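*Asks:* Residues per chain, in single letters:
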Amino acid sequence: MREIEVTGKTVEDAISFGLEQLGVERSDVEIEILEQPSKGILGLFGQKPAKVRLTIKSRVIEKAKKFLDDVIAAMGVKVSYEILQREDHLLINLYGNDVGILIGYRGETLDALQYITNLAANKNEITPRRIILDAQGYRERREKTLIRLAERVAEKVRQKGRPFALEPMTPQERRIIHTALQNFEGVYTYSEGEDPNRKVIIAPKR
Amino acid sequence: MKGLVEVLAKSLVDNPDEVVVTVAEGEKAILIELKVAPQDVGKIIGKQGRIAKALRTLVKAAASREKKKVILEIV
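Top line first, the protein sequences correspond to chains A and B. Under full-length UniProt numbering, the first residue of the first sequence is numbered 1, with each subsequent residue one higher. Under full-length UniProt numbering, the first residue of the second sequence is numbered 1, with each subsequent residue one higher.
Do not rely on the hints blindly, as some may be mistaken.
[What the hints assert, rightly or not] Partial pick of chain B residues on the chain A-facing surface, computed with a CB cut under 10 Å:
{"no.": "1", "residue": "Leu4"}
{"no.": "2", "residue": "Val7"}
{"no.": "3", "residue": "Leu8"}
{"no.": "4", "residue": "Gly26"}
{"no.": "5", "residue": "Ile30"}
{"no.": "6", "residue": "Arg65"}
[Unchecked claim] Dumping the calculated SDA-like pairs for lysine to any residue here, alpha-carbon to alpha-carbon at most 20 Å:
{"no.": "7", "chain 1": "B", "residue 1": "Lys2", "chain 2": "B", "residue 2": "Ala24"}
{"no.": "8", "chain 1": "B", "residue 1": "Lys2", "chain 2": "A", "residue 2": "Leu34"}
{"no.": "9", "chain 1": "B", "residue 1": "Lys53", "chain 2": "A", "residue 2": "Tyr115"}
{"no.": "10", "chain 1": "A", "residue 1": "Lys57", "chain 2": "A", "residue 2": "Leu34"}
{"no.": "11", "chain 1": "A", "residue 1": "Lys123", "chain 2": "B", "residue 2": "Glu18"}
{"no.": "12", "chain 1": "A", "residue 1": "Lys65", "chain 2": "B", "residue 2": "Glu6"}
If you're looking for bench data, these hints aren't it; they were derived computationally from the structure. On a predicted model such as this, the values are computed, not experimentally measured, just so you know. Beta carbons: idealized from backbone N, C-alpha and C, even for Gly.
Please work from the sequences and hints to get the whole structure.
*Replies:* Here's what the structure looks like:
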């Protein structure tokens, strides 16, 4: 959130000065009047300027909604969504009959839609917000699956003493694997290759 | 399909009025051509084609029910 406090002879003066400094239109900000100007006694003593606070409004949520509504309509899928404000991101949860189409193979469609939604909603925003798309708890389920996979493979690597390469994954998925095995006795993990074919290697500790 | 490509492209570029989408439908495949203002080309291709790849993934998903191959060309 970007905000400034400015002063001026009148409230109006202060506002237009502030808008100029921010380089935005009046409709882009929320205005809070902190102090009314005072002329003072005989216009001499105790003169006080007007003071206002201008806060740039974020349009990220509005734009994300408009974008998703348009995409859902254009694709002709039966999908609804809810937007949840989280501390450091917006979580958009998709649900409905056709949600599978928007998830795609291993979540690749969901990742693509998440990426484009971030670009579209944060376009020209001074304070961008990270948007995470989920679909009926898909990401949580996938995380659990990945952790199980990681532990199973790590167990095997420890027994056989040979490194094992997992299939290519996105950075987010690779992070889940690394984190899951951080404290797993007898193995360590690293990544190899270039995106989109970068994969996690689980190797035995010597 | 045309509508979807338009929505996606227009939300990414600075000059939405210059987005032109043409569709040629064949027997087995649909060819979609996307044209944007020269200064917007980077906004629909992205670093190492990352945006273009995401757009193709979404178009492919939308076409999955039509049993036809979809080719998205950026011209």
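*Asks:* Could you run down the list of hints and mark each one as holding or not?
*Replies:* Structure-based check of all given hints:
Interface restraint check for Leu4 (chain B): the shortest CB-CB distance to chain A comes to about 4 Å, inside 10 Å, so the restraint holds. With a least beta-carbon distance of about 4 Å to chain A, the hint placing Val7 (chain B) at the interface is held under the 10 Å criterion. At its closest, the beta carbon of Leu8 (chain B) sits 6 Å from a beta carbon of chain A; the interface hint therefore holds under the 10 Å criterion. Interface restraint check: Gly26 (chain B) against chain A, minimum CB-CB distance 21 Å, threshold 10 Å, status violated.
Nearest Cβ of chain A to the Cβ of Ile30 (chain B): about 14 Å, over the 10 Å cut. The hint is violated. A cut of 10 Å between beta carbons decides the hint on Arg65 (chain B): the least distance to chain A is about 8 Å, and the hint holds. Proposed proximity of Lys2 (chain B) and Ala24 (chain B) is supported: the alpha carbons are some 10 Å apart, at most 20 Å. For the suggested pair Lys2 (chain B) and Leu34 (chain A), the alpha carbons sit about 51 Å apart, so the restraint of at most 20 Å is broken.
About 11 Å separates the Cα atoms of Lys53 (chain B) and Tyr115 (chain A), which keeps this hinted pair within 20 Å; it holds. With a CA separation close to 18 Å, the supplied pair Lys57 (chain A) and Leu34 (chain A) stays within the 20 Å bound. Under the criterion of a C-alpha separation no larger than 20 Å, the hint pairing Lys123 (chain A) with Glu18 (chain B) is consistent with the structure, at around 18 Å. In summary, the hint linking Lys65 (chain A) to Glu6 (chain B) is supported, as the alpha carbons are separated by about 17 Å, within the 20 Å threshold.
Checked against the numbered hints listed earlier, the structure breaks hints 4, 5 and 8; every other hint is satisfied.
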